[in-house]
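Enquirer: Dock chain R against chain G, hints included.
2 protein chains.
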Amino acid sequence: MASWTLPGGTKAAHTGSSTDRPDGANLRLGIAGYTFLNVPVDGAIAMMKRVGVNQLSIKDFHLPLNSSEDTINTVRAKFNNAGITIYAAGVIYMKTQAEVDTAFDYAKKLGVGMIVAAPNPELLSYVEQKVKATNILIAIHNHGPEDKLYPSPADVYNRVKGLDARMGLCLDIGHAARAGADPVKAVIEYAPRLFDLHIKDLSRIEKQVHPIELGRGVLDIPGLVRALKTVSYAGRCSIEHEMDMKDPLPGVAESAGYFRGVVKTLE
Amino acid sequence: MASWTLPGGTKAAHTGSSTDRPDGANLRLGIAGYTFLNVPVDGAIAMMKRVGVNQLSIKDFHLPLNSSEDTINTVRAKFNNAGITIYAAGVIYMKTQAEVDTAFDYAKKLGVGMIVAAPNPELLSYVEQKVKATNILIAIHNHGPEDKLYPSPADVYNRVKGLDARMGLCLDIGHAARAGADPVKAVIEYAPRLFDLHIKDLSRIEKQVHPIELGRGVLDIPGLVRALKTVSYAGRCSIEHEMDMKDPLPGVAESAGYFRGVVKTLE
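Chain order of the listed sequences is G and R. Quick note on the numbering used here: the first sequence kicks off at 1 and runs consecutively. Quick note on the numbering used here: the second sequence kicks off at 1 and runs consecutively.
Treat the hints with care, as some may be off.
[Unchecked claim] Facing chain G, from chain R, some residues (calculated, C-beta under 10 Å):
{"no.": "1", "residue": "L65"}
{"no.": "2", "residue": "G83"}
{"no.": "3", "residue": "A154"}
{"no.": "4", "residue": "V209"}
{"no.": "5", "residue": "E213"}
{"no.": "6", "residue": "G215"}
{"no.": "7", "residue": "R216"}
{"no.": "8", "residue": "L249"}
{"no.": "9", "residue": "S255"}
{"no.": "10", "residue": "F259"}
{"no.": "11", "residue": "K264"}
{"no.": "12", "residue": "T265"}
[Said to hold, decoys possible] With a cut-off of at most 25 Å between alpha-carbon atoms, the simulated BS3-like pairs for lysine-lysine come out as follows:
{"no.": "13", "chain 1": "G", "residue 1": "K49", "chain 2": "R", "residue 2": "K246"}
{"no.": "14", "chain 1": "R", "residue 1": "K246", "chain 2": "G", "residue 2": "K246"}
{"no.": "15", "chain 1": "G", "residue 1": "K229", "chain 2": "G", "residue 2": "K78"}
{"no.": "16", "chain 1": "G", "residue 1": "K246", "chain 2": "R", "residue 2": "K161"}
{"no.": "17", "chain 1": "R", "residue 1": "K132", "chain 2": "R", "residue 2": "K161"}
For the record, the hints were derived by calculation from the structure and aren't laboratory data. Just so we're clear, the structure is a prediction, and the values are computed from it rather than from any experiment. Heads up, the beta-carbon is just placed ideally off N, CA and C, and yes, glycines get one too.
The shape of chain G in the complex, shown without the other chains (with noise of 0.2 Å):
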């Protein structure tokens, strides 16, 4: 296991490696596992090896939080002989102390250094004993106007900031842009606590808008791409594509490219 310096400084277990960047680029793209949400495992790697990206946030419909050891590990080398590596878990939902337990004794198993969350805010104590105890982070995912409990990355932001620093954020772009937040401006403002992205597109921003290709929309992604590297954001920028569910391949191809295209322009 490697280990990695968060923006802030802190030093925190993860699996990836430096040299798992088959795209060249300083920012790393990944994938968030809901995107195959209608894809089985052996169709999810198929996809990521086709668009050459080999970093994986995984979702609990390809491996269920219940899962036996052996269970996980049977996923997880699947996708490691595949040349892909599962970076974090999530989104995991956690309402109770049993679930929290849940989801560090799943992450545990599974290796990662990062479980992309959205524990409810009255065990954040208990959430922070846990990544004291166990050295993994946990990314709180933002989720849109909709949502009760962290709606903008503000609502994540100030519940984390006086915890453990291994305690932030999975900063979605498009449930920023959805909540009136700026996801550039987020990205400046909550760089230390900023572990994990899921980026996607938005046709116009609204509350009620479903997400695009990236660069069909009107998010600013060179303006996002700016600012990753102004924070040296250490880690991955991960496609959420939540359009064509049953097809989503090409879609993620393009929002793979056109962040290559944002990022190489930005070299």
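Expert: Here is chain R on its own, set in the frame of chain G:
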């Protein structure tokens, strides 16, 4: 039929308009028809709609050169009804005067303002007469080191620079690089005669190397886009995807995304 201004200042007929830019870019994406070698017309239309590209340089396997006017009208209507403009036809080889006549007749019936062509050099004077008679542009395609006629963009430019200003170059950046030419310099140097582009990438600069998705290789696409902006290039930037030809959609999507990402970042 609209008219456009060539980079050099010459007015020429063409079938596009400034409103057909669904990707919001100043540099319009297109598809070079060879991409669809194994994809029938209906599939090609579906793929172009999926990736949001509406400019096609049609290849003869979708519409043979000896097609009847009815067939031409039917195929063109299929594309047009899907919002796709056939802006050029090619690459069309011309080894005899009769083949030159056939190509121009075809282009006239099809209503395109440009033929992407590889005429035998001894026919260039005859081709020039046809250009003057029809006002149809000839964009000669450089085809790499194996090509006896036009291996590099310089070989095209040197042949056309003394001829009618409507005779120019379809710069294929992959074949150009394989032939030892720098595509970025070619854009600047041959700007007044640059009418069309075939874009792709190469994993390394080498004669035998096969093209890949934009952004996966070593060609300087941001540099290319900067050069195109410097010379106020007014043509299309057409993706010619020559891998996975039985299933080109993901690669086309990735290339389209990459190009848009570069263009957006340089806005």
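Enquirer: Next, verify each hint and record whether it holds.
Expert: Comparing the hints with the structure gives:
1. L65: Since the shortest Cβ distance to chain G is 31 Å, the answer is violated.
2. G83: violated (15 Å)
3. A154: violated (27 Å)
4. V209: violated (17 Å)
5. E213: holds (7 Å)
6. G215: holds (4 Å)
7. R216: Since chain G brings a Cβ to about 7 Å from R216(R), closer than 10 Å, the hint holds.
8. L249: holds (5 Å)
9. S255: holds (6 Å)
10. F259: Holds - the Cβ of F259(R) comes within 10 Å of chain G, reaching about 6 Å at its closest.
11. K264: holds (6 Å)
12. T265: Given a least distance of 4 Å, the restraint on T265(R) holds.
13. K49(G) to K246(R): Answer holds: K49(G) to K246(R) is near 17 Å, not above 25 Å.
14. K246(R) to K246(G): holds (20 Å)
15. K229(G) to K78(G): violated (33 Å)
16. K246(G) to K161(R): The given pair, whose Cα atoms are some 52 Å apart, is violated under the 25 Å limit.
17. K132(R) to K161(R): holds (15 Å)
Checked against the numbered hints given earlier, the structure breaks hints 1, 2, 3, 4, 15, 16 and satisfies all the rest.
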